[in-house]
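Between the sequences and the hints, there should be enough to build the whole structure, so can you do that?
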Amino acid sequence: MAGEEPMATEAGGADAIMVDPGTEAQLAFAKNLGPSANHTLNPPAPDTSTATSATNDVRRENEPAPNVSFKQFTPELTLGEMITDPDITGHEVFCTRYSPDGMWVAAACGDGDIKIYSSATGTMQYQLKPQGDKESAPTCCVRFRPNTASSRTKNVLLSVCANGTVRHWHMTSMKCLHTIVEEDNQVYALDYRPDGLKFATAGQDYQVRIYDEATKTLQSTLSGGYGRTKAGHSNRVFSLKYSVDDPNLILSGGWDNTIQIWDVRQDVPVRSCFGPHITGDAVDLKGHEILSGSWRPEKQLQVWDLRTTQHVRDYTWTSPAHQEHCMLYAAQYSKDLSGKHIVAGGSGSNEARVFERESGKLLGTLRGMYHGVYSTDFHPTAPQVAVASGDGAVRLVNYLQ
Numbered sequence: 001m002a003g004e005e006p007m008a009t010e011a012g013g014a015d016a017i018m019v020d021p022g023t024e025a026q027l028a029f030a031k032n033l034g035p036s037a038n039h040t041l042n043p044p045a046p047d048t049s050t051a052t053s054a055t056n057d058v059r060r061e062n063e064p065a066p067n068v069s070f071k072q073f074t075p076e077l078t079l080g081e082m083i084t085d086p087d088i089t090g091h092e093v094f095c096t097r098y099s100p101d102g103m104w105v106a107a108a109c110g111d112g113d114i115k116i117y118s119s120a121t122g123t124m125q126y127q128l129k130p131q132g133d134k135e136s137a138p139t140c141c142v143r144f145r146p147n148t149a150s151s152r153t154k155n156v157l158l159s160v161c162a163n164g165t166v167r168h169w170h171m172t173s174m175k176c177l178h179t180i181v182e183e184d185n186q187v188y189a190l191d192y193r194p195d196g197l198k199f200a201t202a203g204q205d206y207q208v209r210i211y212d213e214a215t216k217t218l219q220s221t222l223s224g225g226y227g228r229t230k231a232g233h234s235n236r237v238f239s240l241k242y243s244v245d246d247p248n249l250i251l252s253g254g255w256d257n258t259i260q261i262w263d264v265r266q267d268v269p270v271r272s273c274f275g276p277h278i279t280g281d282a283v284d285l286k287g288h289e290i291l292s293g294s295w296r297p298e299k300q301l302q303v304w305d306l307r308t309t310q311h312v313r314d315y316t317w318t319s320p321a322h323q324e325h326c327m328l329y330a331a332q333y334s335k336d337l338s339g340k341h342i343v344a345g346g347s348g349s350n351e352a353r354v355f356e357r358e359s360g361k362l363l364g365t366l367r368g369m370y371h372g373v374y375s376t377d378f379h380p381t382a383p384q385v386a387v388a389s390g391d392g393a394v395r396l397v398n399y400l401q
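No gaps in the numbering here: position 76 of the sequence shown is 76 in the numbering used here, and each next residue is one more.
Since the hints were made in silico from the structure, they are not lab data. Treat the hints with care, as some may be off.
BS3-like mimics (lysine-lysine), calculated; alpha carbons at most 30 Å apart, straight line [said to hold, decoys possible]:
id : residue 1 : residue 2
1  : Lys-230   : Lys-154
2  : Lys-230   : Lys-216
3  : Lys-115   : Lys-129
Here the structure is a predicted model, which means the values were calculated and not measured.
Below, the structure is given as C-alpha cells:
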C-alpha cells in the first residue's frame, strides 16, 4: 500500500534469486539500494582487479582478435565532474533524461540529488535536493512530464528513490511539489504514459503501480496471478515502458528473466517474453517490436514480437579479444517515429554503442568511462545521445557526424 506525504500543492491540481551468471553480485547490488549506512548503488559488475586501463581491458592468452573495426565516438560535452577514484561513492549517475524540448538533461545521482544541465552549454542550472528523508538514498530513475499533460504547471519532473519515495519536482523553482511513499519498497523504475495523465512505478516488491497524475493517487496494482504466463514478476523490476499506441499497454522487465506485457485494466499479464535479464532501464517498444538489453555477456541486445512474444533478432555485439564483454544496463530506440537507431550501454567493457535499427550496422562506440554505463537517452529531435556512467559524468554524443 502506498502512503502519501503531501509537501506542496501543484497548481492545477527474501527474493527468489534466479540461478544466473552474476547473481551473487546482483544480489549485493540490490541490497545496497535501500536505506543503509553508505547508500552506494553498486552495480552487478565483473571483477575488475585485473583491469589494465580505464576501459577494463583484460588480456586473454592465445585468443585471436576478431576482425572488427570500431568508430570511436568523442563526447560533444561532458556534464558533471568525472570521478576516477573507485572508493568515492554517491556521485554515480544512475539515470539520465532529456527534457521534451531537448534543452535540458537531468542526471539522477547516487546521493539522491537530481542535477539539471543545459544540453547546449553543459553547465548545471538547477539542483533538486530531497529534504526530510531520515537518510539519503540513491535516486534511481527520473522522467520529465510530457508537455501534453493538462496541468498548467510546466517543467515538472518525476523521480523515484531507493527508499520508496516518488517525488514530483518543479525544475525551475527547484521545489518538491508532492511526495508519495511506497512503504517497504525500493523503487527502481518509472514511466509516464505518453499523454502525461498516468504514471507507473516498480521495484523491489515485484509489483507495478499505476498512479493518476492529477490526483497523485494509486489507481491500480499489477501483481499477476497463477500459471506460467499469468504469474507476473517473481523478482525485482528495473524497467517500465508505456506503449505510445495503446494507453492501456505497459511493459515491465526485471531479474526474473521475463518481460511482462500488461493491460492496465487487468491485474495479470496478457503475455510474457521469456529470456531477457533486465537490470536497468533496458526495455523499449516501437510499433510491434520490443527491445531488450540484458546484463549478460552474450545475446545482450535483442528484439521480440509484441504480438507473439517470440524472439525476432539479436544485434551483434562483437568485442576485441583483449576486452571484456559488455553486459547491458540500458537500451533504447531513437525517438523519431520509425525509431531508426538504437543505443545501448553497460558494464564490463564500460561502453555504449549506437546501431542502425534495420541493418544492425554499428555506427560507433563510446569508451573511456571509468565505471559502467547505467543509462542512455536519445535527444528528442537531434542526432545526439546522453550516456550516464558510474564515474559521475553524463556524456553527450553526436552520433551522425
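**Message:** Check the hint pairing Lys-230 with Lys-154 against an upper bound of 30 Å on the C-alpha distance.
**Reply:** violated, 39 Å
**Asked** Regarding the pair Lys-230 and Lys-216, is the alpha-carbon distance no greater than 30 Å?
**Response** holds, 28 Å
**Asked** If you draw a straight line from the CA of Lys-115 to the CA of Lys-129, is it 30 Å or shorter?
**Response** holds, 9 Å
Consistency with the previously given hints fails for number 1 only.
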